[in-house]
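Given the coordinates of chain A, work out where chain B should sit on it, guided by the hints.
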Amino acid sequence: MSDPIIEVAGVTKAFGGVVANRDVSLAVERGSITGLIGPNGSGKTTLFNSIVGQHPIDSGSIRFEGREISRMGVQKIARLGMLRTFQQTRVFGKMDCVENMLVSLPHRESGWLEMFRPYPPELVEKAEHLLEFVGLYSKRRLAAGSLSFGQQKLLEFAMALMNEPKALLLDEPTAGINPTLINGLIDRLKRANRDYGITLFVIEHNMRVVMNLAQHIYCMAFGKVLASGAPADVKDDPRVIDAYLGAAA
Amino acid sequence: MIFTRRRSAALHVAILAAGIAAPFVFPAHSVQFAVFWIMVLFALTWDAMGGQMGYNSLGNITFFGLGMYICAITQIGVVYNVGEYTAANGAINVHFTPVQYFQGLTLGLVLAAIGATIVAAILSWVLLGIRGPYYAIGTLGVAIAAAELTSTWNWVGGGQGIAMPVFPGGPGMRERFFYFACFVAAILCYLFFRWLYRTRFCLAVNAIRDDEDKADALGLHTTRYKTVAWSAAAFFLGIAGALFGNMTGFVEPLETAYPTLTFGIFMIAMTLLGGKGTLWGPIIGATVFYAMREITWTYLLGWQYIALGVLIIVNVVFFQQGILGWVKSKRPEWFGVKVEEEEKPRREAARPVTTRKAANA
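Top to bottom, those sequences are chains A and B.
The opening residue of the first sequence carries number 6 in the working numbering; numbering runs sequentially from there.
The opening residue of the second sequence carries number 123 in the working numbering; numbering runs sequentially from there.
Isolated chain A, as found in the complex (with noise of 0.2 Å):
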């Protein structure tokens, strides 16, 4: 780990008796696709919350790019440059494709007086760019609530895309989508990474895909970060197996 761009060091969060997150520390290399797996309610979108200002944590340190964010809200996070999707996918509904993507534009520097300019041509070029990237340009004028959940989910990655995060995080990218559809959305995550530079540090359930996207996996259970490492070593270790098929003993 030479650059990481998200350290978390030492973080708990407890909801009432719950503890969700218990001492968990982990770091995102610059420029990786980092993998989060673990059974369910192991506290990966609980993690994730974190990051993003979504709550305070209890204890612990949640850096971004070297600078403490722990304290600081979703909205201010969000204009760091660290951006997350949802599980359950949130798109503007009733606006188009298009009026999605402008709205997602970075807001980074945007001063009180920006909300009363109009949208530049080439913005609108760039948003019809970038659905036609996620291969929505035949929808671009359709109410983003009218889309199928699937084109949704593309939808919402492409507004992620529009924002120029410098980091991403994907809350389980491929769940819901047709499987044939899967491979497409790697490819284009992969290209994503690749050809933006933008950090991705992904929770994903399927197996298959996290293996062949991710470069470095955490595995989580019980709120604790119980193994990391290249996807091929994670897989073997008996300590996740065991976690997702229970224990032999």
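Read the hints as simulated data drawn from the structure, not as lab findings.
A quick note: this is a predicted structure, and the numbers were derived from the prediction, not measured.
Some hints here could point you the wrong way.
[As the list claims (entries may be wrong)] Selected chain B positions facing chain A (Cβ under 10 Å, derived; list incomplete): (1) 128; (2) 316; (3) 325; (4) 336; (5) 399.
Where a beta carbon is used, it is the ideal one built from N, C-alpha and C, also for glycine.
Here is chain B on its own, set in the frame of chain A:
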């Protein structure tokens, strides 16, 4: 698209001409027409929050009353001691020269607009962190509190109210003057929101309406947009209040300045009737609603609120999208709304760049 540039221009000219002609053709009804334009303004400003942004305010009437009182106090204050004037309950006859009157009115209008805007910005900071029904009830609380506080504040006349300075001019002039003032205020309000809905602001507030958490997650300055939306609404409501107070000639907290149950509800009912979240929906809604109101008040006296209630129930139960929304769902092509995919080759000649076709229809 049914609304070509030419047809749209013709429509605007026709409305403008009708608006100018109305007080001359029907001089006896100038006040009713003036109130109509205030209704249009009400619906347009309410829709900016309730329709475009999905924040249903039950307390927008606060800014109307606030503007009315700020203007009244300014008009009196430039000539006379406000405390003495209100304490006399209209028993003293204060003479305002025409110059004093119009100076006071102009200053009053400016301060009413600015004052209402500032209060809205402060309230935004307090109230816009809460969402949904809590925001609605919170704003209703503000409106009721404003009325109650004003009722107990004797310096501004308390529950007795303030008799407004007398308009310097012959019979019929006052009505005509305030008719045109209301007409111009409604037009400026329309033009402002028409412009605003063509900027980035529109998509941002629509995004807040559709999913505020997602808008947060994308880094939008949501509080900023909300503050601007509410303050803009308050600016025009302040002007409307200032004009309405002068038109009525008497300012009083519960029935005139903060009529939560009549105007406060009308602005919502009109927007829902016409179709929220569109530029023209509130205008259509205001027209139909106000026509209904005037007709029932004339021909169904005693039953007028029941008739209006039936209209609201039918609207809310059967036509939730409102008149314009209903037409749009039946004839989306009239508004340039696409429901079919279009597989066109990319890079054809310059595509028209519109960010919000539907809203401007």
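Hint check, residue 316 of chain B versus chain A [nearest Cβ-Cβ separation less than 10 Å]:
13 Å, violated
For the restraint on residue 336 of chain B, tell me whether the closest CB of chain A is nearer than 10 Å.
Given a least distance of 4 Å, the restraint on residue 336 of chain B holds.
Restraint check, 10 Å cut-off on beta carbons, for residue 325 of chain B near chain A:
4 Å, holds
Tell me if the interface restraint on residue 128 of chain B is satisfied: Cβ within less than 10 Å of some Cβ in chain A.
23 Å, violated
Cut-off 10 Å, beta-carbon criterion: hint that residue 399 of chain B touches chain A
OK, holds: residue 399 of chain B within 10 Å of chain A, min 8 Å.
Figure legend: structure checked against the earlier numbered hints; hints not met, in rising order: 1, 2.
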